[in-house]
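K.L.:
In order, the protein sequences belong to chains A, B, C and D.
End of the first sequence = 1019 in the numbering used here, gap-free, step of one.
End of the second sequence = 446 in the numbering used here, gap-free, step of one.
End of the third sequence = 206 in the numbering used here, gap-free, step of one.
End of the fourth sequence = 189 in the numbering used here, gap-free, step of one.
You may find that some hints are simply not true.
Stated by the list, open to error - Straight-line alpha carbon distances no greater than 25 Å define the calculated BS3-like cross-link-like pairs of lysine-lysine that follow:
{"id": "1", "chain 1": "D", "residue 1": "102", "chain 2": "C", "residue 2": "43"}
{"id": "2", "chain 1": "A", "residue 1": "918", "chain 2": "A", "residue 2": "869"}
{"id": "3", "chain 1": "A", "residue 1": "802", "chain 2": "A", "residue 2": "1013"}
{"id": "4", "chain 1": "B", "residue 1": "60", "chain 2": "A", "residue 2": "142"}
{"id": "5", "chain 1": "A", "residue 1": "621", "chain 2": "C", "residue 2": "153"}
{"id": "6", "chain 1": "B", "residue 1": "276", "chain 2": "A", "residue 2": "115"}
{"id": "7", "chain 1": "A", "residue 1": "802", "chain 2": "A", "residue 2": "869"}
Stated by the list, open to error - To be clear about the criterion: a stretch of chain D counts as covered by chain A if any three or more of its residues have a C-beta under 8 Å from a C-beta of chain A, and this derived list gives those stretches:
{"id": "8", "stretch": "104 to 114"}
{"id": "9", "stretch": "126 to 139"}
Simulated from the structure, these hints should not be mistaken for lab results.
All C-beta atoms, glycine included, are put in the ideal place defined by N, C-alpha and C.
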Amino acid sequence: MTSHRIRHEKARVDFGRPISFHFDGKSYTGYAGDTLASALLANGVRMLGRSFKYGRPRGIVGAGAEEPNALTQVETGAATIPNLKATQVELYDGLTARRTTGWPALDFDLKSVSGRFSRFMPAGFYYKTFQSRALWPKFEHVIRQAAGYGSAPEEADLDSYDHSHRHAEVVVVGGGPCGLLTALNLGRAGLNVTLLDEQRELGGWLLSYPHAIIDGQPGYDWLKNIIAELRSLPRVQIFTRTSAFALHDLNLIQAVEQLQDHLPLAERSETSPRQRLHRIRASHIVLATGAIERPLVFGNNDLPGILTASALTTYLNRYGVAVGRRVVMQTSNDFAYQGACDLARAGCSVVLADTRTRPNTVWEQRAHAAGVDVRPGYAISGALGSRAVKAAKLVKISADQNSISGDGPTIECDALGSSGGLSPTVHLYCHDGGRPHWDEEKLAFVAPAMGRAATGIYCVGGITGTFGLQPALMQAHEVSDAVLAATGKASVGERRSIETDEPNAIPARRIFRVPDGKVEGHGKKAFVDFQNDVTAADIHLAVRENYRSIEHIKRYTALGFGTDQGKLSNVNGFAIAAEALGKSIPDVGTTTYRPAYSPVTFGTLAGPHEGDTFEPKRYTPMHASHVARGAVFENVGQWLRPQYFLKAGEDQDAAIRRECIAARRGVGIMDASTLGKIDLQGKDAREFLNRVYANSWTQLAPGKCRYGLMLDENGMVMDDGVTACISDEHFAMTTTTGGAARVLSWLENWHQTEWPDLDVYMTSVTDHWATAAVVGPKSREVLAKVCSDIDLSPSSFKFMDWREGTVAGVAARVFRISFSGELAFEVNVDANYGYHLWEALLAAGAEFDITPYGTDAMHLLRAEKGFIIVGQDTDGSMTPFDLDMAWAVSMKKPFSFIGKRSFARSDTAGPNRKQLVGLLTEDPSIVLAEGAQIIEAPEVNPPVAMLGHVTSSYFSPELGRSIALAVVRDGIKRRSPEGQNAGRDRLFAYFGGQTHRVQVVSPVFVDPKGERQNA
Amino acid sequence: MKKDYSIWSLFTKGLNYNEGWDPAWRSAELKPSYNVVIVGAGGHGLATAYYLAKEHGVRDIAVIEKGYLGGGNTARNTTIVRSNYLWDEATMLYEHALKLWEHLTEELNFNVMFSQRGVFNLGHTLQDMRDIERRVNANVLNGVDAQVLDAAEVKRRIPILNTSRNARYPVLGASYQPRAGVARHDAVAWGFARAASKYGVDIVENCEVTGMDIVNGRLQGLQTSRGSVRADRVGCVASGHSSVLAKMAGIRLPIESHPLQAFVSESMKPVLDTVVMSNAVHGYASQSDKGELVIGAGIDHYTSYTQRGSPHIIEHTAAAIIELFPIFSRVRMNRQWGGIVDTTPDACPIISKTKVKGLYFNCGWGTGGFKATPGSGNVFAHTIANDEPHPLNKAFSLDRFSTGHLIDEHGAAAVAH
Amino acid sequence: MLEHVSRSPLHAFGLPLQATAINDTRGVWANELPSLGYVSLRGDSKDRTFVEKVTHSLGVALPTSPCTYAGTDGAKVLWISPDEWLIVSQRDRIGSLAADLKAALQGVRSQVADNSGGYTQVLLRGRNALDVLQHTTVYDFAALEPGRVVGTTFGKSSVYAHRSGEGFCLVMRRSFADYIWRYLVRAAAPYGLGIAVVETTGHAALVVA
Amino acid sequence: MLVLFCPHCQEKREEEEFGYGGEAFRIRPASPDTADDDTWADYLFMRTNPKGWNWELWSHATGCRKFFVVKRNTATNSIAGSWTLSDGRKVYDAEGGSQ
Ligand SMILES: Cc1cc2nc3c(=O)[nH]c(=O)nc-3n(C[C@H](O)[C@H](O)[C@H](O)COP(=O)(O)OP(=O)(O)OC[C@H]3O[C@@H](n4cnc5c(N)ncnc54)[C@H](O)[C@@H]3O)c2cc1C
Ligand SMILES: NC(=O)c1ccc[n+]([C@@H]2O[C@H](COP(=O)([O-])OP(=O)(O)OC[C@H]3O[C@@H](n4cnc5c(N)ncnc54)[C@H](O)[C@@H]3O)[C@@H](O)[C@H]2O)c1
Ligand SMILES: Cc1cc2nc3c(=O)[nH]c(=O)nc-3n(C[C@H](O)[C@H](O)[C@H](O)COP(=O)(O)O)c2cc1C
Ligand SMILES: [Zn+2]
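Model the full structure from these sequences, guided by the hints.
P.N.:
Okay, structure coming up:
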């Protein structure tokens, strides 16, 4: 083990459990409890990558979610994860990770060459150059290759994810001292409390500062006790490794729980998800998310070995890692002192430059006692080194203004820490519209404890700018009492004053950018946002170029755009912008805080909506029969419908041809179970139908069926189907497969909102009925074999009649309707008997070679008859008249049915509308593409005026030639009379780069008189 | 116009510590009166001002913006630019824009990073494929580049796409427009602002229009948070806030303002070099030059002006993206956001005169107006300057809602037997 | 009638063959309760004649408080909305039940529709039953009290759910049953899923818990 | 992510159970056939689309399937209440909504 490891008993790593891992192809050892970052630092690994724009060497800066640099690719193959922050990766045995930047090699990075030209690549330089149309794609290619951190996996994910929906009286986000104490107070009072923390262990800041004394107890003991009690409370639930990444309207928290990523690959469970998305709706939310220390901005502040002061401290205290042995720190405040003391006591040499000329005397004394060399009134104006920090250049700075007042020493060091103050973690507070406010004394954007109490959101601790432990814990009591009051619970236990050993804080110095005596931009690069290589000079430049809104500055420089979302950089950026703009920080304001607080795996967001639970697949009761008979399925809405049935040696065309011929010449059978079915009952059911359909229902007698067109208020066809009159006050409606849900909701909407007085109720019975359509000249004979109680004779059971009876021993409704133009019966039975019915009909039809057919054949058969399919032959711009279906519109109905009024508008009533026609190609073997465009002349010199398009097109086995349906401008005038194929108008159909001559004919190609369906 | 931005200027200014750069645009104070006031400094509003100045010689123009310029939907869109629409009217309008895009960088002397990396619209059902065929043929006849690709070809071009027959909605094919692509959204606003400013257009940020002065059916001027201003003509280009402005003029528009959300992944090495959209699976994705996947889907169903939406929409979008690209399952979402989109009943924009003389509206671009930015500004400038629509936007007037001449770009209603 | 040829919506999963008696080895136990009868009933809760006639015909007081259900050992009536109920009964009783209702409601504004083919239900038992439900839907099942029934989402479909003994009963539409079952299997995987013998639980579907 | 109180189920439920139905209380002209084109277009297509309080129609799609009205602030997503259609109408009228 190298000298970076300092074994002390407060460390939260288990020195008895060494762990071996691999980084960039080398093997290392760490300990249980380490993060990848702490283990790498312990092994002396400093440089973890190269920067995005200038290729500068970069190392670890932080110790948690705020880390901007150490983005690593963890594991390989299907298990790989890009861009994990090394500071958040828990070490496990065999962990394999690598750097994500440095190209072609970390030691020689091409971008570092560009770094030398960095003065010619200021913020926004892309916008100013590469303007050649010809060259830009080439430049862009280079830019793209150079961008990006980790790599997406190359294989599909083998892990699973799930969602959990919870409801809580109180959610406490953050398990630091304040979150813990609040949860305890609330839990003791009997509230249902859910406590979330992103980290492996509860304790927050206390884990890094174990020397704190709370009520005379060492911090760790205090922690241990409070956690033990919390765990004993039945209504308190604790989730660690769980990051609340978003807060949405009305107190909804989204949090992601890491269930497995911390385990060695071999120990991960296959039955459990990798991560779980919790959606928690809470009556009350307590945000105890703490604060993150921001560094100061100074020259070369991005060298590896330069961290935030608190990160240096965290590595020492929590992980037993001294990042360096000779440490120089600088601070604007009291917070860095404890860490400086701890480092000195651990044997490091520590120089602490306090930018304040008068530091906190208590801290100063403690520091001296610990052996820290405190330099009041000094600052680090720049760091020295090339691949790692080697020295710090100290300067004296003026007491009141941000300028250099004298020289200082250059101090050699191997680690440098800075503290520019704490930035409260206000992200969640702001996600749903909350705004933090600037506290000039705390030098922080804070979320007030009770600022949103009215909507149940409370804040406590660091997030409120309460940076002292003692006042923060007292605030936890106050907030607890406020929540208890709001929930009407009495508090349990007295609220004693809590004592800590913290000295009273004195104000921090208002400094963000440490001066280097130069005009901004002339000195060494001073980075604000490490991940996006944004310097203080870039911000000044943006302002000079009039990008003055903080949102413009963000967008022009990419400040806060990275995977850390500016956790370290934003406030520094705002402050530097304020200075450049000559405005106050609150006047500059913040950019918008948006989810995710920490990045979330897409897989987690998707959860169970993946694979065969991505979306429902709806099956008919006959599905197993279809599978057994070689069906190829088509998605229609969510349903799976047989598209055609393949027999050995057949292709799709042959199958369709066979199926069609069977239906036209013998008998076919089709599963029509997916059609929407709505049962309507009531005295006014008939009137209701009159209003929602274009045609009239006044005369339809029981035992009869009628086809109807349903329109929207815009007068356009939205659905169609056959409705049967069961009795005077009872109707059975069918809808299209895809339209069923929409139609039912549409009807309910009209009934409930417009015509509640109509006595009618409707219920979906789509799933109740299984429907088999027996189709073809032999259908009657087939049905007769399995149905003895219905008189099937043509004279008694006519076309568009329906009957009740028994088919294959099952109670059935049989409709004599036809979507094929053939003699046909649609048999409906309780869906539990659908399979039985189907098999019985097939058995009965065997002697007639009954042939199951799919949607392809169905489409073809109905097209031969000129029957439309809503959504295929119509597109939301077709009226019944455009479809030449005036017969399905009753303009005389007393009530102005839905859509009627719209017919009268000038365009809807006007000439030149596109109308449904049939088309015949001159060459009968050519099958037009569905979607071919109709044009007037064969030449194609764009732009070409289009008259319409082909909606349906097939090779008709019945006619031995191709046929098509199309909508064509003025089509009805252009077409030849029914039954005659000698079209009057010759047009051209264009698709796939070719034109084909076509005649416009009637859309009814087969049996125009309807003799077959009436047979 | 002087070309201030070049390699040369970067070099010379770089030598001088980048101190010599001029403001990209001039921030102006509101004057008491203008010839034309444009309300809304989004891409469309700024482009309108630019073309008014450049092509119609109008110089006395203000663009008034309640927030920061380019901060509306322009700041938050997923930057897809294409022109392969269905109906002639829409196709011609978007194609007009696409042609302008192709030269925009040079014209504005500002690299808007227009990247013609192609757009695939996937088809997952037979009806999708019919619609694709129909649209592509129409595009070709309208002189727009478009192709129909089968599933195998789609897979060849986008190897990471899931084209398995076992997918819930297998990819059956796609339409492809090679000239389509993406652009850098912010740069478009800044480029137009800079170019308009050079023509003397006043850009007034942080100034909200709060009322309209209308006398005898004629617009006289506006009330704003920075005082009143007189104007001969006012063009409102306020996207999601159009109804709010219309109300000030006593008008109702056929618009609902819905949240539309998007999100980006963390930045990654290049894996996706084109744009993939799927209506059936409900999501689309591209990868930006910085390396993040830029992802979006459909609108939230309720109306809202909050610029944020509901998380289940994002969850479903992530599911759709994984369905299309299984390898993205372990990729992480970095940031999500929302815009306020101005949807119309026919999914087509409104570029129109109104019954108030001197008042014009350009709105209703809904989920897809970024691609139209230069074209929209161009024809709207014409409409305002001539008090008559440009031939390309005549069909997009408000009267279509009374005559019934809707241009339904929702695509064919996806129902079938 | 022809029970042997009837196929329930989850027939394809062959659940009866996998069923075992509930024990401690699994966190969740589930199975389909096949072949029950369902009637959709509509009418106005505020119409006293309607309520009385239904109550009389069914022998169960029609539940008119939102989200409640009532029943005898022969039939369970789930409140769906102020004007809609789903009546669950043994399949062989459903024909006469519907006919009786229809006859009783002659002249009263109402609807009676046999929907027996349209629904099925799944019973969930075991210590993790609640966890599984929390993985599937947005409703706060922890707060669902006995005697209450709710219509809510289930993944991308919907169910009517109520407590049944220490477990839950989910009523679903036939064509979504396959999806819902797969979803349940997936959600239950971390806890271990057992297929429970229906005979020991089937009756529970009708017992008012 | 909204939570709405369903006045029929008498419970608060998550947004995913509901369908949005647009602006409430749009009135279909009593006799469409005599309404002029602009009046018809206004009913059919024009919306107030307010930024602020909005009376809107929702349906409890996976619950009771009933339509009801909600008063919601579109600028903040805060909700003033939900009512059955008839109760909502009364409140709406009392507020002068129908003027
Ligand atoms: C998430 C998302 C993804 C999208 N993806 C795409 C895409 O991929 N491709 C595509 O083509 N389109 C897309 N769009 C749509 C596209 O963003 C918009 O159509 C387009 O940017 C609109 O530009 P605009 O200039 O009209 O509006 P905006 O950019 O919104 O500008 C309108 C401006 O008006 C201002 N304003 C409003 N009211 C007032 C007032 N009273 N006074 C003063 N100023 C006012 C606003 O502050 C705003 O700046 C997307 C939109 C969103 C939200
Ligand atoms: N450097 C310092 O001196 C320093 C640093 C931080 C806090 N403090 C002080 O410590 C005291 C108590 O701190 P506290 O309890 O307010 O905060 P804390 O920092 O101790 O704890 C916050 C906890 O919240 C967790 N967290 C943050 N965002 C989260 C999210 N979105 N999801 C899940 N977990 C999340 C963190 O992991 C952390 O454990 C305060 O006085 C504070 O100012 C001092
Ligand atoms: C095309 C595009 C790419 C974006 N890429 C990033 C990104 O890489 N990182 C980031 O933090 N935000 C990114 N954003 C989101 C913006 O930060 C911001 O959220 C968005 O413009 C909406 O503005 P608002 O969040 O300030 O309301 C991107 C936005 C767009 C439109
Ligand atoms: Zn309800």
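K.L.:
Take the hints in turn and mark each one as holding or not.
P.N.:
Hint check:
This hinted pair checks out: residue 102(D) and residue 43(C) have alpha carbons roughly 23 Å apart, not beyond 25 Å. Proximity of residue 918(A) to residue 869(A) is assessed by CA-CA distance (about 20 Å); at most 25 Å being required, the pair is judged to hold. Only pairs whose Cα atoms come within 25 Å are accepted, and residue 802(A) paired with residue 1013(A) is accepted, the gap being roughly 16 Å. The straight-line distance between the Cα atoms of residue 60(B) and residue 142(A) is roughly 45 Å, outside the 25 Å bound, and the hint therefore fails.
Of the pairs offered as hints, the one joining residue 621(A) and residue 153(C) holds, with about 11 Å between alpha carbons and a cut-off of 25 Å not exceeded. Distance restraint check for residue 276(B) and residue 115(A): the Cα-Cα separation of roughly 54 Å exceeds the 25 Å cut-off, and the hinted pair is therefore not satisfied. Of the supplied pair hints, the one linking residue 802(A) and residue 869(A) holds, its CA atoms being roughly 19 Å apart against a limit of 25 Å. A stretch counts as covered by a chain when three or more of its residues have a beta carbon under 8 Å from one of that chain; for the stretch 104 to 114 of chain D and chain A the count is 3, and the coverage holds.
Coverage of the stretch 126 to 139 of chain D by chain A holds. Counting CB-CB distances below 8 Å, 3 residues qualify, and the rule asks for three or more.
Figure legend: structure checked against the earlier numbered hints; hints not met, in rising order: 4, 6.
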